[in-house]
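*Asks:* Here is how the chains run, residue by residue.
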Amino acid sequence: MKHNKQVAIIGAGPAGLSAALEIAKHGGKVAVFDENDKPGGQLFKQIHKFFGSSFHGAGVRGFRLGEELLSQCKEHGVEIFLNTVVFGLFPDNEVGIVQNDIAHTVTADKILIAVGASEKPLSFPGWDLPGVMGAGAAQTMININRVLPGKKYLMIGSGNVGLVVSYQILQAGGEVVGIVEAMPNINGYSVHANKLMRKGVKIYTSHTIKEARGKDQVEEAVIVEIGPDFKPIEGTEITLDVDTVCLAVGLTPALELLRMSNCQLVHVSKLGGFLPLHNDNMQTTNSDIYVAGDVTGIEEASTAMEEGRLAGISIATSLGLINEIEANKIKDEINQRIIDLRSGPHGEIRMKSKQDVFRRYEEWVSL
Amino acid sequence: MSDEILICRCEEVTEQEIKDAIKNGASTVDGVKRVTRAGKGLCQGRTCRCLVENLISRETKTPVEELEYPNNRPPVRVMKVKALAELDKEDQ
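Chains X and Z supply the protein sequences, listed in that same order.
Going by our numbering, the first residue of the first sequence is number 9, and it counts up by one from there.
Going by our numbering, the first residue of the second sequence is number 88, and it counts up by one from there.
In case anyone wonders, no lab produced these hints; they're calculated from the structure.
Keep in mind it's a predicted model, so treat the numbers as computed, not measured.
Even glycine gets a Cβ: it sits at the ideal position worked out from N, Cα and C.
Heads up, a few of these hints could be off.
[Claimed, not checked] Lysine-lysine pairs mimicking DSSO-like chemistry, simulated, CA-CA at most 27 Å apart: (1) K148/Z / K278/X; (2) K159/X / K207/X; (3) K169/Z / K218/X; (4) K110/Z / K46/X; (5) K37/X / K57/X; (6) K339/X / K33/X; (7) K13/X / K169/Z; (8) K223/X / K207/X; (9) K337/X / K360/X; (10) K239/X / K110/Z; (11) K218/X / K167/Z; (12) K148/Z / K167/Z; (13) K203/X / K239/X; (14) K46/X / K148/Z; (15) K160/X / K218/X; (16) K13/X / K148/Z; (17) K148/Z / K218/X; (18) K37/X / K339/X; (19) K239/X / K127/Z; (20) K37/X / K82/X; (21) K218/X / K33/X; (22) K57/X / K159/X; (23) K169/Z / K239/X; (24) K278/X / K82/X; (25) K110/Z / K167/Z; (26) K33/X / K82/X; (27) K13/X / K57/X; (28) K46/X / K82/X; (29) K218/X / K57/X; (30) K207/X / K160/X; (31) K13/X / K33/X; (32) K82/X / K160/X; (33) K203/X / K159/X.
[Unchecked claim] Covered stretches of chain X (in silico footprint by chain Z; criterion: 3 or more residues with CB under 8 Å from a CB of chain Z, positions within the stretch not fixed): (34) 20 to 27; (35) 132 to 138; (36) 303 to 315.
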């Protein structure tokens with residue numbers, strides 16, 4: 009059975025759903041595939057209120073933004089296939105999917121890959137013990153599955169993921185024994201860090217984890233101070249009584265499907281590692297394949313939604329659903345909002361890195 | 088110490104085994120994979136790929152930016168062979 013779709017979107021997170029909505033609004037037929045049993049991606053884990061402008065839902069909790077996006081998609085006739093795993097991409101725009109243990113192939117005129125990112129690991133003695141997990145994994149267990157994976161936590165990394173998940177562990181009834189940060193300063197927003205410090209959570213800057221110990225699971229963790237050369241300073245070890253170690257040391261784009269579509273990849277450390285070369289229309293070096301969201305470099309949900317909209321407009325234009333003039337008008341509005349999202353000390357680095365990616369894309373196509 | 092640290096948990100490959108492979112000339116993630124099986128397990132390297140990249144970078148003094156992203160083949164998710172066997176049976 010061959011299913012032909014106009015547009016296939018892989019990933020029903022903020023980027024994928026935003027793109028689907030734009031295409032459907034302009035009359036395109038869209039099928040969205042997601043391996044989870046609920047759409048929304050990471051949005052449904054975000055029980056905290058968002059920052060930023062009112063356009064981006066400041067003050068609204070992440071999962072509410074997800075619900076709204078979803079109902080709009082349904083209104084506009086977007087088909088969403090859940091519990092549907094995409095296992096591969098093949099020549100001639102063939103998408104391999106598995107549903108109920110049966111594989112199918114679907115072809116599409118245009119494909120958007122919006123599969124997000126995976127958590128970066130950190131290796132140390134004992135990191136393979138039960139009780140060591142990604143902070144995102146702990147967040148899924150707590151906010152989605154309502155399971156508290158441990159009692160006493162050590163968080164590795166003080167970026168926003170580490171800080172937000174630490175706070176949510178407290179809200180769920182866990183104890184955060186400490187947060188360690190390799191850099192001399194706290195990495196995430198101070199509003200998050202201050203909330204934790206007011207609750208008495210200790211943040212150890214210029215520290216790293218040396219070891220997790222335990223027989224069958226984590227029973228304690230040893231942290232150590234590191235010098236300006238990032239080498240551990242002997243004699244500064246502190247042993248902490250914890251049963252769970254959460255790793256919040258960054259995310260990296262999930263590139264498996266892009267790699268097998270022969271999309272050109274580049275490494276940009278500031279955006280999380282390897283990512284697909286793309287232009288500001290969110291088009292990859294494979295002209296039928298578009299990307300949006302964290303798979304194009306790690307940012308945050310509001311930017312992922314705007315990138316999704318950009319990709320959606322670009323795809324709709326390429327299918328002849330919108331004329332260039334109208335498309336450019338919409339894109340200008342989106343890009344203006346993206347400039348706002350990529351401003352400030354955290355945003356400027358992302359802006360520069362993204363522009364560098366666009367520049368390298370142009371270099372690549374002119375080769 | 089480093090022979091105790093597992094890098095690829097799926098295939099149980101240690102840091103020392105990977106360092107040895109690099110010393111013996113494996114200079115890419117794919118090269119390390121072929122010699123040690125790191126990244127050939129259930130998760131297909133989703134967890135250890137970054138760790139292997141960092142080890143190669145450190146041991147060969149090559150910036151990570153200059154390394155090659157490894158090859159990926161379908162299936163990118165764990166699936167039953169049965170599912171593939173059923174692929175588009177309706178066509179036949």
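*Asks:* Need the list of violated hint numbers for this structure, in ascending order.
*Replies:* Numbers 3, 4, 5, 8, 11, 12, 13, 14, 16, 19, 21, 23, 24, 25, 27, 29, 32, 34, 36 - these are the hints that the structure violates, sorted from lowest upward.
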